[in-house]
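Participant: If you want the building blocks of each chain, they are given just below.
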Amino acid sequence: MSFEPKIIAFLCNWCSYAGADLAGVSRSKCSPNVMSIRLMCSGGLEPAFVLKAFKEGADGVLVCGCNLGDCHYVDGNYKTLMRMTLLKKLVKQLGIEEERVRLQWVCASCAEDFVQAVNTITNDVKALGPYTQIKIEAEAETSRI
Amino acid sequence: MAKLKLALYWAASCGGCEIAQLMIGDKILKLIEAADIVFWPVAIDAKYDDVEAMPAKSIDVCLFNGAIRNSEQEHMAKMLREKSKILIAYGACACRGGIPGLGNLHDRQSIFNTVYRDTVSTEKNGNIFPQTLFRVSEGDLTLPVFYDTVSTLNQVVDVEYYIPGCPPEEKTTWLALEALLEGKLPPKGTVISHNVKAVCDECSRKRDIKKIKKIYRNFEIIPDAETCLLELGLLCTGVATRGGCGALCPQVNMPCTGCYGPVEGVIDQGAHFLSAIASVIDSKDEEEIRTIINDVLDPVGTCYRYSLPDSLVRRASLK
Ligand code: SF4
Ligand code: SF4
Ligand code: FES
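Read top to bottom, the protein sequences are chains A and B. Taken in order, the first sequence gives residues 6 to 150; the numbers are from this note's numbering. Taken in order, the second sequence gives residues -13 to 305; the numbers are from this note's numbering.
Some hints could be false.
[What the hints assert, rightly or not] In silico EDC-like cross-links for lysine to aspartate or glutamate, where the CA-CA straight-line distance does not exceed 16 Å:
hint	chain 1	residue 1	chain 2	residue 2
1	B	K197	A	D80
2	B	K270	A	D80
3	B	K199	B	D268
4	B	K305	A	E102
What the hints contain is simulated information worked out from the structure, not anything from laboratory work.
All chains, please: the whole structure from these sequences, using the hints.
Facilitator: This is the structure in structure tokens:
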């Protein structure tokens, strides 16, 4: 069976969620691997949420916000940009490939951008394979001689 | 009243916690009045066999420092858990993994290669390497098994209390010991320190609006005595670190590195600090933002200096 990745998408309420909704209403073809979580603003996304998604078994995380300058809370998405830039560096050090974390601005009428982001991350993660967390608990037993 | 039975042990640690325990100074006399030390490898001659022979729960309190990264440490953690009524994770390594926890960026084989093979100064000695088991006519010689992953004490056994710090400050140690001696125990799971808020809360440096254009490494600038170090562009983790130490490091121009662990209620100290760094950058230009952030050369080592095994992701992926 081919690998179907689990991808968590964090969408801001005002632009990105509306954009994603529009993609649905317009019946755009979009890979079904994404489960979305709505936030009021992408600036409310704690980096810990992304790490928690991986811990809970996600293979990739997509973060969407309004275009820069259009955030409904003025500069929430600048915060997102800074956090995600640093977070990408951090997860790379932890062996989580950069392609597993994607930041995409999606405006309320930008259904296409959303579809494209979903398809890109799905294909990238499919190519990478599952994000495997090691079974740490088992180690102690198996490494015994 | 019968004297308390106290045990102290060290696992993956540097020895600093033992020094910190002795730092209570003449209060140690008070301690000895109220407690008998039944096991303390650094100072008294009780052996593992003696501990093994003790009945279950016969030790009142065990202060356990160091993380768990090999089979001997795991064995001792389990044994001391069984023999002790109260098990306390003492110091950053036992609480959160500590500096040895950064080993979780690597694995058993790559650490072995670095230590025994690849460093220029290592003598090859005909490729003679330590083995976990070696048979000689007199019997079997064994060494502990080294694990891929460093764990905190509570990832291996149940723990009652935590004493934070690398190493814990004298006043933090005494706060815990006093509570024990007086029998005024806090609820299980308490991290014992004088402050549950952040180090910034105890820091005398002046905070204004934190807006930085450049991130510096410690040697690149000499901070003035008054301005918040983070505002100067130094990566001070005080905002994401539990207080109780008295903000010792920023007082002497050293950014806090986070040794007291996360503030109450935060599960991932590194992610918390990462978020803080991102909020102090002053730029609306994508390129400039990237340039500023590129100066954070070692995000994991900066954000999780003492807490990688305790973090959400816990370790780097194994190849
Ligand atoms: S960030 Fe550091 S220097 Fe600034 S107030 Fe907090 S502890 Fe003090
Ligand atoms: S200032 Fe930070 S690093 Fe220094 S002792 Fe306090 S908690 Fe530890
Ligand atoms: S409301 Fe969309 S990013 Fe802030």
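Participant: All hints are to be evaluated individually against the structure, with a verdict given for each.
Facilitator: Do the hints match the structure? See the list:
Of the supplied pair hints, the one linking K197 of chain B and D80 of chain A holds, its CA atoms being roughly 14 Å apart against a limit of 16 Å. Annotation: proposed proximity of K270 of chain B to D80 of chain A holds, straight-line Cα distance about 9 Å (limit 16 Å). Our distance criterion of 16 Å between C-alpha atoms is met by K199 of chain B and D268 of chain B, whose separation comes to about 6 Å. For the hint pairing K305 of chain B with E102 of chain A, the CA-to-CA distance comes to about 12 Å; that is within 16 Å, so the pair holds.
Hint check: no violations occur; every hint is consistent with the structure.
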